[in-house]
Structure formats: C-alpha cells, structure tokens
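*Asks:* These are the residues of each chain, in order.
Protein chains: 2
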Amino acid sequence: MVEIPRKWYNINPDLPKPLPPILDPKTRERADLEPLKRIYLEAAINSEFSQERWIEIPDEVRDFYSLWRPTKLVRAAYLEKFLDTPAKIYYKNESVSPSGSHKANTAAAQSYWGLKQGVERLVTNTTAGQWGSALAFACKHFGLKCGVYMARSNYEQKPYRGTLMRMWDAEVYPSPGKHTKSGRIMLKKDPKSPGSIGIAKSEAIDDTLTHEGTRHAVGSVMSYVLRHNTVIGLEAQQQMEQLDEYPDMVIGCFGGGSSFAGIFWPFYYDKFVRKQAPKDTRFLAVESTASPRLTKGQYRYDHSDPMKFSALFKMYTLGHTFVPPPVHTGGLRVHGSAPTFSLLLHEKLVEAIAYNQLEAYEAGLIFSQTEGIVPAPEAAHAIKAVIDEARRCKKTGEKKVILFNLCGHGYFDLHGYEEYLSGKMTASDAKASVMKKTLGELYKLYPWDKPEV
Amino acid sequence: MVEIPRKWYNINPDLPKPLPPILDPKTRERADLEPLKRIYLEAAINSEFSQERWIEIPDEVRDFYSLWRPTKLVRAAYLEKFLDTPAKIYYKNESVSPSGSHKANTAAAQSYWGLKQGVERLVTNTTAGQWGSALAFACKHFGLKCGVYMARSNYEQKPYRGTLMRMWDAEVYPSPGKHTKSGRIMLKKDPKSPGSIGIAKSEAIDDTLTHEGTRHAVGSVMSYVLRHNTVIGLEAQQQMEQLDEYPDMVIGCFGGGSSFAGIFWPFYYDKFVRKQAPKDTRFLAVESTASPRLTKGQYRYDHSDPMKFSALFKMYTLGHTFVPPPVHTGGLRVHGSAPTFSLLLHEKLVEAIAYNQLEAYEAGLIFSQTEGIVPAPEAAHAIKAVIDEARRCKKTGEKKVILFNLCGHGYFDLHGYEEYLSGKMTASDAKASVMKKTLGELYKLYPWDKPEV
Numbered sequence: 055m056v057e058i059p060r061k062w063y064n065i066n067p068d069l070p071k072p073l074p075p076i077l078d079p080k081t082r083e084r085a086d087l088e089p090l091k092r093i094y095l096e097a098a099i100n101s102e103f104s105q106e107r108w109i110e111i112p113d114e115v116r117d118f119y120s121l122w123r124p125t126k127l128v129r130a131a132y133l134e135k136f137l138d139t140p141a142k143i144y145y146k147n148e149s150v151s152p153s154g155s156h157k158a159n160t161a162a163a164q165s166y167w168g169l170k171q172g173v174e175r176l177v178t179n180t181t182a183g184q185w186g187s188a189l190a191f192a193c194k195h196f197g198l199k200c201g202v203y204m205a206r207s208n209y210e211q212k213p214y215r216g217t218l219m220r221m222w223d224a225e226v227y228p229s230p231g232k233h234t235k236s237g238r239i240m241l242k243k244d245p246k247s248p249g250s251i252g253i254a255k256s257e258a259i260d261d262t263l264t265h266e267g268t269r270h271a272v273g274s275v276m277s278y279v280l281r282h283n284t285v286i287g288l289e290a291q292q293q294m295e296q297l298d299e300y301p302d303m304v305i306g307c308f309g310g311g312s313s314f315a316g317i318f319w320p321f322y323y324d325k326f327v328r329k330q331a332p333k334d335t336r337f338l339a340v341e342s343t344a345s346p347r348l349t350k351g352q353y354r355y356d357h358s359d360p361m362k363f364s365a366l367f368k369m370y371t372l373g374h375t376f377v378p379p380p381v382h383t384g385g386l387r388v389h390g391s392a393p394t395f396s397l398l399l400h401e402k403l404v405e406a407i408a409y410n411q412l413e414a415y416e417a418g419l420i421f422s423q424t425e426g427i428v429p430a431p432e433a434a435h436a437i438k439a440v441i442d443e444a445r446r447c448k449k450t451g452e453k454k455v456i457l458f459n460l461c462g463h464g465y466f467d468l469h470g471y472e473e474y475l476s477g478k479m480t481a482s483d484a485k486a487s488v489m490k491k492t493l494g495e496l497y498k499l500y501p502w503d504k505p506e507v
Numbered sequence: 055m056v057e058i059p060r061k062w063y064n065i066n067p068d069l070p071k072p073l074p075p076i077l078d079p080k081t082r083e084r085a086d087l088e089p090l091k092r093i094y095l096e097a098a099i100n101s102e103f104s105q106e107r108w109i110e111i112p113d114e115v116r117d118f119y120s121l122w123r124p125t126k127l128v129r130a131a132y133l134e135k136f137l138d139t140p141a142k143i144y145y146k147n148e149s150v151s152p153s154g155s156h157k158a159n160t161a162a163a164q165s166y167w168g169l170k171q172g173v174e175r176l177v178t179n180t181t182a183g184q185w186g187s188a189l190a191f192a193c194k195h196f197g198l199k200c201g202v203y204m205a206r207s208n209y210e211q212k213p214y215r216g217t218l219m220r221m222w223d224a225e226v227y228p229s230p231g232k233h234t235k236s237g238r239i240m241l242k243k244d245p246k247s248p249g250s251i252g253i254a255k256s257e258a259i260d261d262t263l264t265h266e267g268t269r270h271a272v273g274s275v276m277s278y279v280l281r282h283n284t285v286i287g288l289e290a291q292q293q294m295e296q297l298d299e300y301p302d303m304v305i306g307c308f309g310g311g312s313s314f315a316g317i318f319w320p321f322y323y324d325k326f327v328r329k330q331a332p333k334d335t336r337f338l339a340v341e342s343t344a345s346p347r348l349t350k351g352q353y354r355y356d357h358s359d360p361m362k363f364s365a366l367f368k369m370y371t372l373g374h375t376f377v378p379p380p381v382h383t384g385g386l387r388v389h390g391s392a393p394t395f396s397l398l399l400h401e402k403l404v405e406a407i408a409y410n411q412l413e414a415y416e417a418g419l420i421f422s423q424t425e426g427i428v429p430a431p432e433a434a435h436a437i438k439a440v441i442d443e444a445r446r447c448k449k450t451g452e453k454k455v456i457l458f459n460l461c462g463h464g465y466f467d468l469h470g471y472e473e474y475l476s477g478k479m480t481a482s483d484a485k486a487s488v489m490k491k492t493l494g495e496l497y498k499l500y501p502w503d504k505p506e507v
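Chains as they are written, first to last, in my numbering: chain A, 55 to 507; chain B, 55 to 507.
Some hints here could point you the wrong way.
Note: identical chains are not told apart, hence a pair may lie in one copy or across any two.
[What the hints assert, rightly or not] Calculated pairs, DSS-like style, for lysine-lysine (alpha carbon to alpha carbon, straight line, at most 27 Å): (1) K243 <-> K142; (2) K61 <-> K246; (3) K243 <-> K350; (4) K61 <-> K126; (5) K478 <-> K232.
Treat the hints as calculated values from the structure; they're not laboratory data.
Given the sequences, and given the hints that come with them, work out the whole structure.
*Replies:* Here it is in structure tokens:
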C-alpha cells in the first residue's frame, strides 16, 4: 500500500546556501514582500522563505488529492524492451489527475489557502492550459471563483482546454482581450495580437488589482509551488522501496521547475541531508532548446516576467525580453527558472540538458507506442533524456535505474503530434525574438515603485 | 493489493437457458459458422459458444493489461456529498487505459488471437472512436497492422481520435471513402455522405474479404467480447471485499453491452451460480432514449447490421433498419444488443432504463464537478441512473451501495459538453429514421447465400 504523504518536503533549509532574497526592482535591495499580499495569497508570501523542512498537508487538501493520488509508479518494461537496454526505467504517472497533469498538486493547496484567507476568486495565466485547467478544477472543489487568461493563439489552438475549464465553472479569457485595461491597450496596439505569456500575466495581475477579493495564483517557479509537488517524489520513494529499487538518475522536464522539483527533492533530501541514499543519484533537468536558460543562460537577478512587473529573482535567465520561438511546448517556453533550482544548478548539485521539439516528439511517439500513454510534449522532453541514457546503458552494459516524471498527458496536444506525424514539424518553428518595451501605462497599477522601462 | 485476474469469466454455461444459436439469414436454421472464419478470428468463432466457465488469460495479454490494470475502485465521496445521500457510490475507473476506455480489454485479447493465428492485420469500424483507438493501441503492441473505418461525420468531429490511432500506426479511413468498393459505391450515390455505423461496418467487411491475412475485429455484442471485459468486475470484487462492501446495485451504460457485462457478470455469478452473494444485488443497464432497444424493442431474431450482412442473432432490437438520431453518444447508437444480455433481460434477471442526452450530459457535468474526471457521454448515462438511485436513497434513507462502471473518459468529447454548456443541446438532435435499402451489390462479397434485400 502506498500512502498519500502527510507532509510536503520544503527544500529551503537544505539548500547549500540561503535562497537569495527577492529584490525590489527599483532599489535592488531586499524587497518588502508585504505589498505583494494584495496580488498573491498571504500564505504563499509568508511561506516562500519558510525554513520548516516538513510542512503538514491540510486534511482537506489530502482528501482532494485522494481523487487521483497516490499515482502509479510504473516500470516501463516495453520501452526497455524496445530500447534493448539493461537499464530499468520507472515513471511516476502524474497524467491521471482529472486536469491531466501534476499541476493539480499545487492548485489544490493554493485554492485551499484562498478559501482559508476568505478570498473569493483566484485568477491566473496559462500557456499550454495544464495549469489553468488544474486551477479551475481545484477552485471548483474549494468553492472559489476562477479566472484564467490564456494567450489567444493557444486558446484557439486548443479550444477544448477552454471547454474543460468552463466545465469547472472557470471564466476563460483569450488574451489580450477586453476584460482588462491591459488587454484593451494591447488590442488597440495590435487588434490581431496572438498574445503571449507575458501579456496574459499582465492581464491576470491587472484583473487581481482591480477586483476586490481576488488573488493571483502561480503555477510554477516559486519555492512553495515546487514544494506542493513533492507528494510525487515522496510517493515514488515509498513505491521504489517496496520494489527494493533506488534510482541512479531522476529525470524530469523543466519549465518553471515544479514537476521536476516535485519528483527529485525527496531524493535530494536522501542524498544530501539524510545522507542515507544507497546510490550517488544524479538529478537531470530537461529543457527545450527553444528556451535554453539552464544550459545557455546566466545566473543573475532578473524579472520573472517580460513586462518587468515582477520583482527581481536570482535565477538562470535568458533575459526578461527573451521571447522563445512558438514551439509546441508551451510549458517550457520560459525565459527564467525557479530560484531554488538555479541555486542548486549553480552549485553543480544538479544537471541540465536541452532537446529540441523534434527530438522530444519522436521520444513521445516511441513512448506512446510502447507504454501506451501519449505524453504531453513537455514530458516528452524528459523521455528523450531517458531514452538517451538507456541507450548509453546499452553500450556500457550498466543496469542503471532511471526514474522520471510523466508529468502530464498529451491528449490535448494531438495537433502537435499530428504535425510531427505529417512531417511538417521543424526542430524549432521560428527564431527567438526580443520583446519590445510596452505597457508602460500599466506600471502605475503595480505596487512597486515604477521601475525603469 | 489487487491482482489482475488470471481468468476471464464466461457466462455462457450459467445462462438460465442455452444461448440461442446464430441463424443463417437465408434458411433461418442454425448457421454454419465455419465460413465466418474468413471474416472473423478463428478463436472468436470457436469460443463464442464455449461452455468453459473460467478461461485462462494468456500471459502476454495479462502483461499488456498491466500497462493500466488493475484500475482503481474509487468511492465517489464528493458526489455523495453533493447529492446529500446516505447511499455509498463506488466507481471502477476504466478511463485510465491509454486509449481512454474499457475497450482495450478485448482489443488486447483479439490482437493476441490475431498474432497467434498468424493474421497480419485487423480491421474494424468505430463510431465514437474509443473502440478504434483501443484496437490500434493493441495491434501496435502485438505487432499487427490495423485499419479503422470511422464514419466521416465522426472523423471530422473528432479529428484527434484519428491522430491518436495514427500514432499507434493504424490506418484510419473516413467512411465512406475510396479505399473499398463499398465506399466507392456509396460515394458515387452520395459524394457528401456523412457515413454511418452500417456503412463503416460494410467497408470493414469488404476490406477484410479483399485483403489476404486480414480479419475483422469486433468491439462489442459477442459473448467473447463481453467476457474479455470481466477483468473489470473481477477486480472490483477483490476491491470491494477489501473494503468489506458489497453492491446492492451494479449499474453501467449499454451500447453493444461490453462495458456493462464486464462489471456485472462476476456479481451475477455470485448471485445466481455460486449463490453466496451477501445481498440480492440488482443489475441495471442504461441505454439512450435515442436508441431504446432494451426498454422499447422486441426480443427476436434480427441482423446486427443495417445492411443485413450479418447472420441473425436473437436479441432486443429496434429492427436493423432503425437509424438512431445523431446524438453525441456514438457508443450507444445501436439498433440491437448483446444476445447474452438480451436473454437475461427477457428472463427478468437484469433491468434496463433509458435516459436522453440532456439528462446524461447534466449528470456528466455534475460528476466532473465533484469527482474531477470528465466522463465519456456514454458513461454519463450510467451516472444519471446512479444519481437518480442515490436521490431515491435520500428520500427513503436507504444506505445502498451502488457500483458503476466509469467505462471511459470524455476528453475527446468536449465538443458535446461545449454544446451542452452553451445551451444548444436538445434532448435528441433529430428524429430517428429508417435506413434505405442499399448496397445490394456488396452481398456477393459475403459468405452467406445472398439474403433477400
């Protein structure tokens, strides 16, 4: 029997150095986080830098988790056979949540926080739609209203993500749109704007600031978000122990960092804190070559959003004006990365690698043909790394145990697979571009002193 | 721990009367089934009337099942809470198979049979796409080629079902199409034909008969197909025993009959054969009012296909020329029903009820809002019956234990939910119609003596 964990694991006290503070973009000094409570949930702000290692999961959240948790740990025996590898491959199947990915793990916790705080409504921005769906699902459960800003191009490409969110009573706004001042300004500038992560984020913040009882929920990057996903790795530890196995490598895709942290943090604890790991386990994050922050970016302070609305976070970044090409992997199209992970990467305690979407879709197809489940294109990046590692094992004869996070399914991403099957997909659809400075007017909405534009 | 069953349960020896024989459509005498082996798999024909109660599941099939089995038995606690009912509701979650429904249970067995027989390719027809996807998935696993004829209107409404099947290397043919003589004839008559179950079936048989090494796989109705699904009920029995529960009612939706038989047959065995059931369990099949064979049809011999290609089966039927209105529930739009189930219904050992699609979609929405998973519209019919029963329990105070089969998810059916949410759905989109006599030319392809047209 596998138990749904009773506590989340918080890596903050176990980082090799203190997590660098968030800086005020104007003064570049430690930011006062209090004003942010008008935008974000109080518990989120209060616990971001928490030094408590084990944080109790509220019963209500644990009960909600039981709708789909514990998730299965599956031996990918047919993939192994296909690769003819001596490696053993295991995956944690997070695709079984009703919204289709690991994102429901933190959506549950944040919606519960909202309920406890007396917030009426959570709003957010979404790209691929996994996060927006998860938040809609959790808000419905905890009785909150939900608003989701989804970049118009994504919204039109995946109309049924919108339907799914509406089934859970969320309002879904193609972005830019007329619902917010930011959206109206953008529409005036460019009536046919396809939207972007940044614009959707601006609209979500604008909406939050202009509606009483509303807060902005965040789907990745922050330490508290990553922590909520550690139920994945904590379950995997129980499951591997029952099989008398231990991973030589833990692999996951990396956008903001939440699905990967979810699976590897508990093993990091084994290795570096409890120091009782039976193996010298390696941790490998897989990003997209369309947005190679971890492998080609710089470790420095930067804004987390292209509009410079956010404070400054120390992280691996390509610069907040970097706009990744429009690959079919919305969840990995990010210019920055989780500060906790960035610190570990800088200290060389974890590793990173990048693959392009053609490589990822090929891996996704192999996985679906051997193990059945169609992986989300984000997850397919991790699978590509798993396949490469398993093939190396074939050459060396090593019987490595590889564990990876199948963080979501791709049943809403079949237009991408269709493009791949028809031979029309390229390694990267277009070159990256640089964001133009815009939206200066919006800064007056923001609680920071107006940053330089 | 729940074990994947090692044997399927075959109801044939335990029916209250012998299963009526299949009749030759011309002579109306017991049909010689041997010629059918050119169309269907040998093992299928040989085992349809098997009197062996427990049939061993081959290791290869059981290993394949382990990709998604055992499936969870879930207490629908939040649905109970929403309904404020003293009833306990459990569902068996068959939606987690990679192809999205219970159909993979028999697809696995039939593909394995094909492999053993030395068949190179299986072809079939599909409506909602759940069956075609399952067969594509299983054929890929067992190394067979696969061809799927999908009515053009369904194919166009759900393009990603086609993508999914192609990911598993199946060829998917919108029907009618140019791939078969039948299709070309139909296209000539009506170049814009939306297709139908019957036309797709004709094309699949035409294809089978004109390609060496090809056989026609069947997704429901036949006793052997239903039997392959008993892994569902056999697992549920183990799971309920571990919870110290036993169902007062077992409920499932009813198209051809495979998902419902899959869950209730093992409980039927408990009640009527082993006679050790702790309760006088009722078995309720839920059909669509668009196709009310069980509640308004006649128990008599009829063809299973509108073209009269098939032999005669004794079953509840609305007549083989009955064409159900185009409701959003492809899987329940059938004029006939499984002969095994029809016999049980005629003997009053099981019950049936019909709901329209508006009632079903409302129930599906309630389920997704309480339990998360979006049910396939077919499964939503069962949920409507569960909700009604639970509401009756609220009135009477009875603490009934209700078990139902969540036979598939609705993530490829969101266009239907979108129509429901937008208020555009009607109880039934159109009136039923009567099939015109067509395709006389094709009868010469058929192994029977040419039946009267």
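*Asks:* Are the hints correct? Go through all of them and say.
*Replies:* Taking the hints in turn, this is what the structure says about them:
Proximity of K243 to K142 under the C-alpha cut-off of 27 Å is found in neither arrangement, the shortest distances being 54 Å within a copy and 56 Å between copies. Taking the closest pair of Cα atoms, K61 and K246 never come within 27 Å of each other, the shortest separation being 47 Å inside a single copy and 60 Å across copies. When the C-alpha separation of K243 and K350 is checked against a cutoff of 27 Å, the pair qualifies neither within a copy, at 33 Å, nor between copies, at 61 Å. Both within a single protomer and between protomers do K61 and K126 lie at most 27 Å apart by alpha-carbon distance, with minima of 19 Å and 24 Å respectively.
Within a single copy, K478 and K232 get their C-alpha atoms only as close as 34 Å, which misses the 27 Å cut-off; across copies the closest is 25 Å, which meets it.
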